[in-house]
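Quick mapping for you: the protein sequence lines, in order, are chains X and Z.
Mapping of the first sequence onto the working numbering: residues 791 to 952, in sequence order.
Mapping of the second sequence onto the working numbering: residues 501 to 660, in sequence order.
No lab work stands behind these hints: they were computed from the structure.
The beta-carbon is built from N, C-alpha and C at its ideal position, and this holds for glycine as well.
Any given hint could turn out to be false.
Simulated restraints, written as ranges between beta carbons of each label pair [what the hints assert, rightly or not]:
1) Z:GLY642 / X:TYR875: 19 to 27 Å
2) Z:ARG634 / X:CYS885: 40 to 48 Å
3) X:VAL920 / Z:GLN635: 28 to 36 Å
4) X:SER792 / Z:GLU648: 18 to 26 Å
5) Z:SER621 / X:PHE898: 51 to 59 Å
6) X:LEU895 / Z:ASP619: 37 to 45 Å
7) X:LEU895 / Z:SER524: 35 to 43 Å
8) X:PRO873 / Z:GLU571: 24 to 32 Å
9) Z:LYS539 / X:VAL906: 48 to 56 Å
10) Z:GLU571 / X:VAL869: 48 to 56 Å
11) X:SER792 / Z:LEU612: 21 to 29 Å
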Amino acid sequence: MSEAVKKIVTPISIEYTITPGAAPTKFLRGIKEGRLLGQRCPKCSKVYLPPRGSCTVCAVPTVEEVEVSDQGTVTTFCVVNIPFYGQVQEIPYVCAAVVLDGADLPCFGVVQEIAVEEVRMGLRVQAVWVAPEERGYTLENIKYFKPSGQADAPFESYREHL
Amino acid sequence: MAEEQEPLEILSARHVVEYPYTRSVGAVIGRFLGGLKDKKIEGSLTPSGRVLVPPSEYDPESGASISDFVEVGEAGVVTTWCWVAEPLAKHPFDRPFAWALIRLDGADTALLHAVDAGDSSRMATGMRVKVRWRQQRSGAIGDIECFEAENLGSQDGEIV
Ligand SMILES: [Zn+2]
């Protein structure tokens, strides 16, 4: 007689079609051309990237388009040491919050071309893009961030963004 | 935005959110699933003598733990059903089929499974169905590939 079963794998998935709104659409069109397009809030002047079409703090629409640099500062980060389903990077790797120059919200990316233990707050990084002909409407156009070689940013310059 | 005269191209993309999680089934369902691998369907026997298929760890009447098992037949009666005219990607068949509650011979409760009937006109409450076993069995409910009409004649069972 077969042994009692202890565990079963029960995959659950939802497949759906997503349609971005007007502001994310402009962002995605920009990123396909290798440009990072954010929006500035008319009230608090903060620049959202990616833009959502409104400032959630001031509750006003954001319309002014602002191009943001593909260089920025690591504000905080974590070293990923655990394997998980769907992982694309080899562990260990660093996932970091990067405030791009000109933006007020950090975006998330992987930091490479530097030893994991050398990644630090204030590290200056720049985006490494996939080849222009391979770019699509996706954040995956930025393969990862690498050190830009500039001096570390002083804490005061990014403390607002933590 | 004033310079934006032409309408924006509307983007859309397919996204998948997936959790491939593993769950422990417990001793009772574990034994039930293990039995399916051997083409054996077992129910749990409650203190009052009812047979529950699929089995339960507790008697729904008294809440008492159940540890007695009893084997039931691999044929039974459809107690209710629903025709799936347009199967979805994760359904057991890519052709129309029925989801049905099936009370196996010797059981007092019904098991949910698929009936491969071909056409809804061949489905009826009270019809007799039997298991079609999967060739490759792994100890999962899918070891029962589906149920099919026991007899394509008209010896339908009665709903008691
Ligand atoms: Zn604002």
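Checked hints:
{"no.": "1", "hint": "Z:GLY642 / X:TYR875: 19 to 27 Å", "verdict": "holds (21 Å)"}
{"no.": "2", "hint": "Z:ARG634 / X:CYS885: 40 to 48 Å", "verdict": "holds (42 Å)"}
{"no.": "3", "hint": "X:VAL920 / Z:GLN635: 28 to 36 Å", "verdict": "violated (45 Å)"}
{"no.": "4", "hint": "X:SER792 / Z:GLU648: 18 to 26 Å", "verdict": "holds (24 Å)"}
{"no.": "5", "hint": "Z:SER621 / X:PHE898: 51 to 59 Å", "verdict": "holds (56 Å)"}
{"no.": "6", "hint": "X:LEU895 / Z:ASP619: 37 to 45 Å", "verdict": "violated (57 Å)"}
{"no.": "7", "hint": "X:LEU895 / Z:SER524: 35 to 43 Å", "verdict": "holds (41 Å)"}
{"no.": "8", "hint": "X:PRO873 / Z:GLU571: 24 to 32 Å", "verdict": "violated (42 Å)"}
{"no.": "9", "hint": "Z:LYS539 / X:VAL906: 48 to 56 Å", "verdict": "holds (52 Å)"}
{"no.": "10", "hint": "Z:GLU571 / X:VAL869: 48 to 56 Å", "verdict": "holds (54 Å)"}
{"no.": "11", "hint": "X:SER792 / Z:LEU612: 21 to 29 Å", "verdict": "holds (22 Å)"}
Violated hints, listed in ascending order, are 3, 6 and 8; each of the other numbered hints is respected by the structure.
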